[in-house]
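Colleague: Start from the sequences, fold in the hints, and give me the full structure.
If you're matching positions, the sequence shown starts at 928 in the numbering used here and goes up one per residue.
Incorrect hints may appear among the rest.
Distance condition first, Cα-Cα at most 27 Å in a straight line; then the derived BS3-like pairs of lysine-lysine [as the list claims (entries may be wrong)]:
#	residue 1	residue 2
1	Lys-1033	Lys-1070
2	Lys-1132	Lys-1086
3	Lys-966	Lys-1132
4	Lys-1073	Lys-1020
5	Lys-1033	Lys-982
6	Lys-966	Lys-1070
7	Lys-981	Lys-1033
8	Lys-1132	Lys-982
9	Lys-1070	Lys-1086
10	Lys-1086	Lys-1042
11	Lys-979	Lys-1108
12	Lys-979	Lys-1070
13	Lys-981	Lys-1130
14	Lys-966	Lys-1106
15	Lys-1042	Lys-1108
16	Lys-979	Lys-966
Quick caveat, the hints were computed from the structure, so don't treat them as lab data.
All figures in this text were calculated on a predicted structure; none of them were measured in a lab.
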Amino acid sequence: MSDDTISDLRNRVLGTPQEAHLDFIYAQSHASRVAALQKSVDYACNLLERHKDKKQGLEEDQITLQICEFLEMAGFQAAHDEYVAGHCDIVVKGRDRFLWLAEAKKHSDYAWLNKGFMQLATRYSTGVEGQDHGEVLVYCYVKDAKATLDRWRIELEVKNPEVSTEDSPCGNPLLFCSKHKHDASGLDFHTRHKAIVLYWEPKDK
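Modeller: Below, the structure is given as structure tokens:
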């Protein structure tokens, strides 16, 4: 396809899940692939949030499988519980050895969230080029997801002094990013931490 045709197609799907996958297909760098994939993950998580009344009582794996299915339907090579030096919650592969991993945790306490981060950082990830980004998904069935994520950010830094954090570049207050030197590769490993808002206690009756 010519550049003009691709640009026209992208304009037609602007602001939709199809735009994210189109960006992933035509990405010329690992960074662009990560950005496109993260956008698609955001769409998937928002579907959960929009139908949170139907997600009450689900286990971690049941929720995570729905995210994987969305990514598959969007055209990504996504798998749930695939073996990558252990059974990782979400594994997405792409060309040029691209590998993106995510650990998903239903928030109960911050030690549980830290376990997910440590699994991602020290068990599953390689930390090599094109495989140096991941995500911790926090399923928030508790009230005030922002307060939960803010506290998790503090706990993450306290429990892992080698980790530095920063606000999300997109300005979303329910996201933050962390960076640390990967033990195996010696390169920087980047993790996005995302709260998924699933608290549902209607007071209209």
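Colleague: Would the hint linking Lys-981 and Lys-1130 be met if the CA-CA limit is 27 Å?
Modeller: Distance ~17 Å between Lys-981 and Lys-1130 Cα, so the pair holds.
Colleague: Under the criterion that the straight-line Cα-Cα distance not exceed 27 Å, is the pair Lys-979, Lys-966 satisfied?
Modeller: Given pair Lys-979, Lys-966 holds - Cα atoms ~20 Å apart, limit 27 Å.
Colleague: So if I understand the rule, the pair passes when the alpha-carbon distance is 27 Å or less; does Lys-1086 with Lys-1042 pass?
Modeller: 11 Å, holds
Colleague: Taken at face value, is the distance from the CA of Lys-1108 to the CA of Lys-1042 at most 27 Å?
Modeller: 18 Å, holds
Colleague: Checking one constraint from the list: CA of Lys-966 to CA of Lys-1070, max 27 Å. Satisfied?
Modeller: With Cα atoms ~25 Å apart, Lys-966 and Lys-1070 stay inside 27 Å; holds.
Colleague: Lys-1073 and Lys-1020 were given as a pair; does the straight-line alpha-carbon distance stay at or below 27 Å?
Modeller: Violated: Lys-1073 and Lys-1020 sit about 30 Å apart, past 27 Å.
Colleague: Is Lys-1070 within 27 Å of Lys-1086, Cα to Cα?
Modeller: With Cα atoms ~24 Å apart, Lys-1070 and Lys-1086 stay inside 27 Å; holds.
Colleague: Between Lys-979 and Lys-1108, is the straight-line Cα distance small enough, at 27 Å or below?
Modeller: Roughly 36 Å between the alpha carbons, so the hint for Lys-979 and Lys-1108 is violated.
Colleague: If you draw a straight line from the CA of Lys-1033 to the CA of Lys-982, is it 27 Å or shorter?
Modeller: Cα-Cα ~12 Å, so holds.
Colleague: Does the alpha-carbon distance linking Lys-1132 and Lys-982 stay inside the 27 Å limit?
Modeller: Answer holds: Lys-1132 to Lys-982 is near 20 Å, not above 27 Å.
Colleague: Take a quick look at whether Lys-966 and Lys-1106 sit within 27 Å of each other, Cα to Cα.
Modeller: Cα-Cα ~20 Å, so holds.
Colleague: Mind checking the alpha carbons of Lys-979 and Lys-1070 for me, to see if they're no more than 27 Å apart?
Modeller: With Cα atoms ~13 Å apart, Lys-979 and Lys-1070 stay inside 27 Å; holds.
Violated hints for the displayed structure, listed by number in ascending order: 2, 3, 4, 11.
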